[in-house]
Amino acid sequence: MIEIRNVRKSYEGNPVVDDLSLTVKTGSVFGFLGPNGAGKTTTIKMLVGLVRADGGTIKIDGHEPHDTPSREQIGFMPEDPYFYDRLTGMEFLMFCGQLFKKSYRKTENEYGEILKLVGIYDAANHAIATYSKGMKQRLGFAQAIVNDPAHVFLDEPLDGLDPIGRREIKGIIKKLHGDGKTIFFNSHVLGDVEEICHEIGIIHRGKLVYAGDVKQFCNGRTLEEQFVTAIEQERNSSMLTL
Amino acid sequence: MKNIFVIAKNTFRAAIRDRILHGILVFALLFILFTVFLGSISLGEDLVVIRSIGLAGMYLFGMIITIFLASSLISLEIERRTLYLILSKPVSTLELVLGKFFGLFAAIALITLCMAAVYLGVVAYAGGGFDAPSLGAIVLQIFEAGLFVAMVMLFSSLATPFAAAIYGILVLYIGHSLSVLLQYVQHRSIALKAVAKALYYIVPNLEKFNIRNAIVHHMPVDVGMILLAGLYALLYAAVLLYLAKQLLAKKDL
Ligand SMILES: Nc1ncnc2c1ncn2[C@@H]1O[C@H](COP(=O)(O)OP(=O)(O)OP(=O)(O)O)[C@@H](O)[C@H]1O
Ligand SMILES: [Mg+2]
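Those sequence lines, one after another, are chains A and B. Counting from 0, one number per residue, gives the positions in the first sequence under numbering that gives the first Met the number 0. Counting from 0, one number per residue, gives the positions in the second sequence under numbering that gives the first Met the number 0.
Bound conformation, chain A alone (with noise of 0.2 Å):
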């Protein structure tokens, strides 16, 4: 389970995440949305212990992101992932895979499987350099999935992918799911969040102006028509208290 309370952070004095509070239950796809500069990212950097909160706390399974040992049920995958470009994408997989107690013992085959998994074993022994962008977006989310997390967070994974590339990533996201994991995802492209979440929270400004069912939020209307009433209604009522 993942909780958060009250959490806080500004940059050189402005709120970027203010006073969020949020619980992702084991087991569910939640799908993290919110306009351009909203917070999205900065949260996501939170969960996994990348930023200090000013304030508040966060939780994973009863763990703060800060205690290093307990990154090992972790997975993340940062938004546009930059890599080693003199490593191949088989010995960066590698690298990632041995900092984990869990999985420093894969074999070779092992980490084979899961650049199979997602599309990219025929560049296996290339140069990083080589790749295209949704080729590293595809090593991002196996770098992520390397140690079998329980938690996965990732940071707008399809992003940069062709169609195929997103009905694949899709795919092991739902895999992911059947095998009892918890996802947490930052996303702009809503037909996709709508097929695959099952809660979603909606931030604007660094407040949470949504948590829930996303069928309910939708009521039956599209998730991005619901969205965007969501956040011109935010963005009006904001108007108004200046």
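Treat the hints with caution; some may be incorrect.
[Unchecked claim] For lysine-lysine, the following DSSO-like pairs were computed, each having C-alpha atoms within a straight-line distance of at most 27 Å:
| no. | chain 1 | residue 1 | chain 2 | residue 2 |
| --- | --- | --- | --- | --- |
| 1 | A | Lys101 | B | Lys244 |
| 2 | B | Lys249 | A | Lys206 |
| 3 | A | Lys101 | B | Lys196 |
| 4 | A | Lys173 | A | Lys100 |
| 5 | A | Lys58 | B | Lys250 |
| 6 | A | Lys105 | A | Lys173 |
| 7 | A | Lys100 | B | Lys244 |
| 8 | A | Lys101 | B | Lys1 |
| 9 | A | Lys58 | B | Lys244 |
| 10 | A | Lys135 | A | Lys105 |
| 11 | A | Lys105 | B | Lys1 |
| 12 | A | Lys135 | B | Lys192 |
| 13 | A | Lys105 | B | Lys250 |
| 14 | B | Lys250 | A | Lys206 |
| 15 | A | Lys58 | B | Lys249 |
| 16 | B | Lys8 | A | Lys115 |
| 17 | A | Lys100 | B | Lys1 |
Just so you know, the hints here were simulated from the structure itself, not pulled from any lab data.
Since chain A is already given, all that's left is putting chain B with the ligands on it; use the hints.
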């Protein structure tokens, strides 16, 4: 422990695959070979010329390579956000800093040994036999490189690669002229003396690692002194790496 090794291995691999490094290294090796020619035109002083220019060249290229590789070691990881991939895993900042340090240090030690092999070959070719005393200078150079890697790495967690390289060059320059500096200010103003004294205590005394002159002029090599210099490098590097770790741990990535 395991993570330090895994990160070191990865850093080493990425470092020795650098194309620009290959270029500098080829140039350095050609330079060392070229000393044969310089020796041959030096009217009977062949070995003195080969050994002094060879050792100096090896040192110079070793430090250029160190600055080149270490100056972007941390800042590039921050800028390119590769650190996100590492620090979101069960890796502490201390393990990261030590892993990066040992990986790069191993790469630089290997490069230094490559240059040393060519150097020893050149001396033997010129009739100097096996130049055992120079091994002392080479070992000291590797110690100094260790200290210097840690120093530039610290700069690299604070500043851009370019700035880190400039600071590195300054430390190298001041670190080799500390005693000269102290002598120079002896009859100067109190303020100048204070600055020199401060530098003397902050900047590492890199002349401790320089026995090149002594070796070329056949003075005896003191093994105890070499070991002491190694200890000095170790302690100094430990403090620098600790500072780098503290800086990195405070940073919001
Ligand atoms: N390191 C930082 N220093 C200063 N400001 C930052 C930093 N990181 C993020 N911000 C600011 O915080 C706000 C939220 O950024 P964040 O990256 O969390 O947005 P996001 O919801 O992920 O947006 P997007 O959909 O564009 O990815 C932005 O206004 C951004 O400028
Ligand atoms: Mg973002």
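Hints, verified against the model:
no. : hint                : verdict
1   : A:Lys101 - B:Lys244 : 26 Å, holds
2   : B:Lys249 - A:Lys206 : 26 Å, holds
3   : A:Lys101 - B:Lys196 : 52 Å, violated
4   : A:Lys173 - A:Lys100 : 26 Å, holds
5   : A:Lys58 - B:Lys250  : 21 Å, holds
6   : A:Lys105 - A:Lys173 : 24 Å, holds
7   : A:Lys100 - B:Lys244 : 23 Å, holds
8   : A:Lys101 - B:Lys1   : 12 Å, holds
9   : A:Lys58 - B:Lys244  : 25 Å, holds
10  : A:Lys135 - A:Lys105 : 22 Å, holds
11  : A:Lys105 - B:Lys1   : 15 Å, holds
12  : A:Lys135 - B:Lys192 : 56 Å, violated
13  : A:Lys105 - B:Lys250 : 32 Å, violated
14  : B:Lys250 - A:Lys206 : 24 Å, holds
15  : A:Lys58 - B:Lys249  : 21 Å, holds
16  : B:Lys8 - A:Lys115   : 25 Å, holds
17  : A:Lys100 - B:Lys1   : 9 Å, holds
Of the numbered hints stated above, those contradicted by the structure are hints 3, 12 and 13, listed in ascending order.
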